[in-house]
Amino acid sequence: MTNLQSLSYYYPELILSGVILGAIIYDLLIDKSKSGNVGWFLIAGLMAVAGAICLQDDTVTTLFTNSIVLDPFASFFKLLVVLATILVSVVSLQSGELSEYRKGEYFTLLGIIVFGLFLMVSTVDLIMVYLSIEIVSIMSFVLAGYLKQNTRSNEAGLKYVVYGAFSSGIMLFGLSYIYGLTGSTNYFEIQHAIANLDTSANTALIMATIMMLVGFGYKVSAVPFHFWTPDVYEGAPTTITAFLSIAPKAGAFAMMIRFFNQVLADGGAMGGLDTSSIAILPWANILSLLAVITMTLGNVVALQQNNIKRMLAYSSIAHAGYMLLAMPVMSGDSIYAIMIYLVMYLFMNLGAFFVVIAVKNKTGGETFDDYKGLGWEMPMIGVAMTIFMVSLTGLPPTAGFIGKFYIFASLIKGGGQFYWLVLIGGINSVVSLYYYLRVVKVMFLEGERSETILQPPTIMAVMILATAIPTVILGIYWTPVADWVQNSLTFFIQTL
Amino acid sequence: MNDLNTYLLVAAILFSFGVFGVMTRRNGIAVLMGVELILNAANINFVAFSRFGGMNFDGHIFALLVIVLAAAEAAVALAIIINIYNNMNTINIDEASSMKE
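Chains as they are written, first to last, in numbering that gives the first Met the number 0: chain A, 0 to 495; chain B, 0 to 100.
Please note that the accuracy of each hint is not assured.
If the Cβ cut is set under 8 angstroms, some of the chain B residues that face chain A in the computed set are [unchecked claim]: (1) V21; (2) I79; (3) I92.
The hints are simulated quantities; they were obtained by calculation from the structure and are not laboratory data.
Owing to the predicted nature of the structure, the values given are computational and were not obtained by experimental measurement.
Just so you know, even glycine gets a beta-carbon here, dropped at the ideal spot from N, CA and C.
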């Protein structure tokens, strides 16, 4: 479709661009004490964007001369990103860390990240892959270092910028080889060219794919490209940590699924088409290995942490590993499992970070010591945190269990060569039980049993409930999510 | 000098220097210079493939885009490094490390 025609299908992004520009101008007109209003402006704008996305739910087409696609798969991830951003924005307005700073730019940058993620989930072109990764990364660098006076936040920004620029540079070098081998930047043409490629090019192709994996791995914080994660997650404002742990990860998984499904498989994993072209490359083995290392390292290092925020950073690495487990299968079931897992992970992980923010607003600390006796002092937060921790472990009857169940089920359906992944995933879940339940133990069994009961501020309490309730309900009744994901499993496929 | 391989070789050498620079340098600015070398190595690849590989103009477009994004990234990175210098009086990546493993 030509550029001009595409615009009529591009209205969610156009509304979002309008909201971002509006937020910049609005921020100029109000003074610092009222800069939180920009946040409400962004939230209202994002709701309008979500509505616009729902309107075009079943359209399947390419836009802007084959640069990006519009399909239900992309719409699903767009809605997920918008939902995460709305939840994080509301909490950002309550965060004590940000209260000394002007918040206008903060929300504007969040809006720009959402735009970048929209491109990321719908890209079918290498140029757009690099552009979207950079839009998201550059804005994240600024947001991670947003607390200008706080040296830990500065440090988070510096580490992020160094690792981010390095990994995306290596990815770009890989992209240049893929372009050289196939003569195109378009996924469909690349897939066609790879299928007809001489076997002598395989070494170069594997090298280029591994270089691309560096970029993807950095975005989903998979080991061994995870070095930035603990420091950035610990130093960045907690609201941004919560955002980074879900939205860019969802975007990167969408991009990764599209890339592997479209370029290295035959794009027809959904329709049950012949997937013979997968066999050219051992990328299923590469991905399995990556998933196993990611999970294991994330869980084992999380055991030794004393800072809850840092522990959750390693836990998010482990969860990226669980989702990566389903990637090597690359069947309809496995993509379905990853999407369900992301929905569940959104609620439980955001909820855990919201509790960290609420506790930090009250006690100013985020280590295990600050959580002693918290369950008796703030029962609501204690119970909510227990739910999130049980769910992150993956125990029934919570959302985390459903997510893990679908991942492991897709592996078992995938065939005998994936059974060992299920075993290692199961062992890892058991290991993670220790550090998740340690939080619960510290909250209820250690420290003084307080006589007075404190309630968190109303909006914080509402936001924690807004994540805790779905975490429980989706563990018992997940049919709406399953249906939604099922309806979103349509890719745009073009055969040349 | 009309050979694709020559250009690819130059790009590969530049890329290696860039990776080496990022890995060994401790100074924030020097690390950024390493990253720039990597990006420019990729640019040489793109343009060379486009010119000598008998391909379309996508490579040229990609290279132009990378130049723009590299500038944006450098601007943000330098701003962060200046801020670190103001607060900690160092731009050494090892020294600016208060969070433990």
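Exercise. Close enough to count: is the Cβ of I79 (chain B) nearer than 8 angstroms to one in chain A?
Worked result: holds, 4 angstroms
For this session: Could you check if I92 (chain B) really has its C-beta closer than 8 angstroms to a C-beta on chain A?
Result: holds, 7 angstroms
For this session: Return the status of the interface hint for V21 (chain B): holds when the least beta-carbon distance to chain A is below 8 angstroms, violated otherwise.
Result: holds, 5 angstroms
Checked against the numbered hints given earlier, the structure satisfies every one of them.
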